[in-house]
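Residue numbers (this note's numbering), protein chains in the order written: chain B, 485 to 833; chain A, 485 to 833.
Treat the hints as calculated values from the structure; they're not laboratory data. Keep in mind it's a predicted model, so treat the numbers as computed, not measured. All C-beta atoms, glycine included, are put in the ideal place defined by N, C-alpha and C. Just so you know, not all the hints are guaranteed correct.
[To be verified] So the derived label-pair ranges between C-beta atoms look like this:
hint : chain 1 : residue 1 : chain 2 : residue 2 : range
1    : A       : Q573      : B       : E529      : 55 to 63 angstroms
2    : B       : V520      : A       : M751      : 55 to 63 angstroms
3    : B       : R607      : A       : D724      : 45 to 53 angstroms
4    : B       : G605      : A       : D753      : 50 to 58 angstroms
5    : A       : A575      : B       : T535      : 29 to 37 angstroms
6    : B       : Q524      : A       : F530      : 47 to 55 angstroms
7    : A       : D638      : B       : D745      : 16 to 24 angstroms
8    : B       : N504      : A       : P723      : 41 to 49 angstroms
9    : B       : V520      : A       : G714      : 48 to 56 angstroms
10   : A       : R726      : B       : H786      : 53 to 61 angstroms
11   : B       : V520      : A       : A538      : 58 to 66 angstroms
12   : A       : A575      : B       : K814      : 50 to 58 angstroms
13   : A       : D638      : B       : A538      : 48 to 56 angstroms
2 protein chains.
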Amino acid sequence: MTRMIGSSKNPPAGHRLSANRFARIVSTGSVVPDEVVTNQDLIDEFGVIATDRAVRYSIGISERRRAPAAASAAQYLERAARQCLERAQLAPEALDRIIYARLFGDHFVPATALRVLERLGLRRGIPAMDISAACSGVMHALEMAISFINAGDDYVMVLGGDRTVLSPQVAVTRDTRTLFLNGDGFAAVLVGRSETRSFRARYLYTDSDLRDFAFIPLGTELLNGTQDFGPHMFAMTMPDGRQIHQSVLDSCRIISQHLFDLSGLRMDDIDFVITSDQTHLVWKDQLAALGVPESKSISCFHKYGNTVAAMVPLNLHEAFVTGAIVPGMKVLMMGHGAGASGGGFIFEA
Amino acid sequence: MTRMIGSSKNPPAGHRLSANRFARIVSTGSVVPDEVVTNQDLIDEFGVIATDRAVRYSIGISERRRAPAAASAAQYLERAARQCLERAQLAPEALDRIIYARLFGDHFVPATALRVLERLGLRRGIPAMDISAACSGVMHALEMAISFINAGDDYVMVLGGDRTVLSPQVAVTRDTRTLFLNGDGFAAVLVGRSETRSFRARYLYTDSDLRDFAFIPLGTELLNGTQDFGPHMFAMTMPDGRQIHQSVLDSCRIISQHLFDLSGLRMDDIDFVITSDQTHLVWKDQLAALGVPESKSISCFHKYGNTVAAMVPLNLHEAFVTGAIVPGMKVLMMGHGAGASGGGFIFEA
Chain B
485 MTRMIGSSKN PPAGHRLSAN RFARIVSTGS VVPDEVVTNQ DLIDEFGVIA TDRAVRYSIG
545 ISERRRAPAA ASAAQYLERA ARQCLERAQL APEALDRIIY ARLFGDHFVP ATALRVLERL
605 GLRRGIPAMD ISAACSGVMH ALEMAISFIN AGDDYVMVLG GDRTVLSPQV AVTRDTRTLF
665 LNGDGFAAVL VGRSETRSFR ARYLYTDSDL RDFAFIPLGT ELLNGTQDFG PHMFAMTMPD
725 GRQIHQSVLD SCRIISQHLF DLSGLRMDDI DFVITSDQTH LVWKDQLAAL GVPESKSISC
785 FHKYGNTVAA MVPLNLHEAF VTGAIVPGMK VLMMGHGAGA SGGGFIFEA
Chain A
485 MTRMIGSSKN PPAGHRLSAN RFARIVSTGS VVPDEVVTNQ DLIDEFGVIA TDRAVRYSIG
545 ISERRRAPAA ASAAQYLERA ARQCLERAQL APEALDRIIY ARLFGDHFVP ATALRVLERL
605 GLRRGIPAMD ISAACSGVMH ALEMAISFIN AGDDYVMVLG GDRTVLSPQV AVTRDTRTLF
665 LNGDGFAAVL VGRSETRSFR ARYLYTDSDL RDFAFIPLGT ELLNGTQDFG PHMFAMTMPD
725 GRQIHQSVLD SCRIISQHLF DLSGLRMDDI DFVITSDQTH LVWKDQLAAL GVPESKSISC
785 FHKYGNTVAA MVPLNLHEAF VTGAIVPGMK VLMMGHGAGA SGGGFIFEA
């Protein structure tokens with residue numbers, strides 16, 4: 485982390501959270517599709533020149549999950565939300581709001597969050613909407629949830645994840661590097677009102693200099709007549725993997741430093757680290773940069789791959805259910821989004 | 485408004501705004517493309533059987549604006565944001581956050597808000613993201629802005645509008661009713677910290693029973709192999725215009741009643757009404773339902789058409805610049821989104 489890229493050399497100052505109602509993470513949920521797709525499965529399916537051993541070595545992934553073509557994101561998100569509510573022993577009726585951090589969503593209009601609302605049987609329409617901020621989407625949604633609870637909500641359900649990353653029609657447009665990278669995963673985080681302060685600091689930033697590090701063409705620019713229509717519209721292009729790697733490490737440094745400054749805490753005070761693991765190596769390098777042993781963090785990348793907005797909450801859920809995070813621990817949680825957007829929190833579990 | 489449709493018979497209770505930092509609308513901005521497209525222009529261009537007179541009579545629209553095919557939403561949003569900042573005599577550097585209520589956005593990834601950030605020359609990356617909630621998107625974004633200011637931000641820029649509604653490739657897929665309905669427009673609302681209380685109440689709700697009232701197919705369900713790819717993916721389908729009309733009137737009643745209950749104010753206390761004018765008739769019928777003369781509201785529908793998320797802020801801007809709203813007035817502002825999502829505020833200008 486000696487050099488820095490983009491405009492992130494001068495990230496914005498953080499704001500202390502002005503709160504008269506505190507929020508906390510009440511519970512989490514996690515759902516991955518049943519189908520396990522190994523590296524060899526992809527090698528056979530797409531006829532690419534690669535070996536399982538080489539993929540494991542270079543990217544650190546063994547397998548990932550794939551949703552059936554006919555599945556909707558909403559049906560997985562419903563299951564993640566229900567699991568999350570059950571773990572909190574709450575009925576869906578307790579919710580004041582649903583925020584879905586989407587990549588694509590099932591449709592443009594209506595919001596996929598509305599479909600989840602319907603699937604939860606919640607007919608007294610609480611606010612529900614989709615937000616778009618790629619890999620850091622759940623971080624943005626969590627900040628919104630904290631702010632909404634501060635302003636009067638009691639329970640906000642944050643959802644993340646999507647089902648497109650391994651669609652055969654999209655995957656076929658990929659190169660051998662990105663073909664193995666992604667997986668389908670879905671996660672829920674329930675944020676609720678707390679009598680005591682759990683979130684010690686929050687910090688979010690963007691870096692528009694890095695806007696082209698990861699790019700999905702779908703949008704109105706397709707209507708300019710310069711591009712064909714087809715499944716490739718859904719494909720994420722990442723022209724420079726090494727720069728993305730570097731930008732995630734920059735983001736890790738920027739966010740953690742601001743969170744320490746805002747909270748008055750130091751790395752020594754932190755019991756556990758949750759972060760976005762776009763690859764196995766980027767997870768390891770973040771921990772090395774923070775001076776944290778791997779035993780104080782967790783990564784599902786080897787089995788789920790890069791699940792975009794679901795990465796961070798899938799890791800958080802894994803840490804909760806395995807007992808890696810227990811009540812009272814101080815957690816540094818970060819998400820780094822495609823180079824261009826990142827955010828994080830320090831909270832007491 | 486004797487019958488009610490959907491699950492909106494039982495809308496959720498509203499929450500009082502728990503605030504320790506007040507917010508207010510500081511200024512607005514509005515940009516429409518230069519090209520004026522008359523009804524006759526569309527009749528000639530698409531060879532539909534209609535007359536300007538019939539379109540004016542049935543929908544209440546004379547003309548609308550159309551962005552060039554090569555234009556991006558970001559470039560118009562930048563202009564709206566700059567105008568808004570200039571009216572407030574603030575530099576872009578004053579902003580803590582940008583929220584763009586999009587329909588499509590220029591691309592899926594990165595967020596169009598990031599492109600706006602870049603165009604504003606704001607290289608110290610404040611948080612910026614897109615949200616998706618169709619016609620009521622700016623209402624959702626304003627609630628977020630108020631909550632973010634409550635939590636510590638000083639200035640939040642809310643943007644709305646998109647450039648796709650009249651793309652020739654999309655328009656050609658439309659029927660004669662929807663062909664005339666839409667227009668391209670872009671608006672900005674700057675929300676800032678206030679020493680005194682401006683927002684008296686806020687209320688947002690959704691109605692998942694109405695999820696199919698307005699539908700844009702673009703999304704992962706296209707990858708199921710059941711649909712072809714093409715410009716029609718961007719087309720909004722509204723199978724039942726009468727039900728949408730009714731749902732907007734339901735939404736008007738639900739939102740206004742909750743805002744009155746939450747604020748302790750009555751319609752008699754309100755000096756001006758801003759609402760979404762999906763058609764001229766739906767604007768008139770809302771005012772009739774509220775018992776408000778047309779002189780106490782404003783609609784740009786006749787000249788701009790249905791601009792989706794930009795409708796409400798375009799009307800708000802028009803009211804500010806024409807002096808229809810002056811400081812001290814109490815304003816009821818609502819947005820009703822495609823039947824399935826609505827929200828509003830009572831604020832003191």
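Going down the list of hints, with the structure as the test:
1. Taken as a hint, the range 55 to 63 angstroms holds for the pair Q573/A and E529/B, whose Cβ atoms sit roughly 60 angstroms apart.
2. The hint said 55 to 63 angstroms for the Cβ distance between V520/B and M751/A, and at roughly 60 angstroms that hint holds.
3. For R607/B and D724/A, the hinted distance range of 45 to 53 angstroms is not satisfied, since their beta carbons lie about 20 angstroms from each other.
4. Checked against the hint of 50 to 58 angstroms, the pair G605/B and D753/A fails, with Cβ atoms roughly 38 angstroms apart.
5. A C-beta distance of roughly 56 angstroms is found between A575/A and T535/B, which places it outside the suggested range of 29 to 37 angstroms.
6. The hint said 47 to 55 angstroms for the Cβ distance between Q524/B and F530/A, and at roughly 53 angstroms that hint holds.
7. Checked against the given bound of 16 to 24 angstroms, the beta carbons of D638/A and D745/B, roughly 19 angstroms apart, stay inside it.
8. Separation of N504/B from P723/A is about 46 angstroms and conforms to the stated range, judged on CB atoms against 41 to 49 angstroms.
9. Checked against the hint of 48 to 56 angstroms, the pair V520/B and G714/A fails, with Cβ atoms roughly 35 angstroms apart.
10. Distance hint check: the CB atoms of R726/A and H786/B are about 55 angstroms apart, consistent with the given range 53 to 61 angstroms.
11. Roughly 60 angstroms separates the CB atoms of V520/B and A538/A, a value that falls within the hinted 58 to 66 angstroms.
12. Evaluation of the 50 to 58 angstroms hint for A575/A and K814/B yields a failure: the beta carbon distance comes to about 38 angstroms.
13. Separated by about 51 angstroms at the C-beta atoms, D638/A and A538/B satisfy the suggested range of 48 to 56 angstroms.
In this structure, the hints that do not hold are numbers 3, 4, 5, 9 and 12, in rising order.
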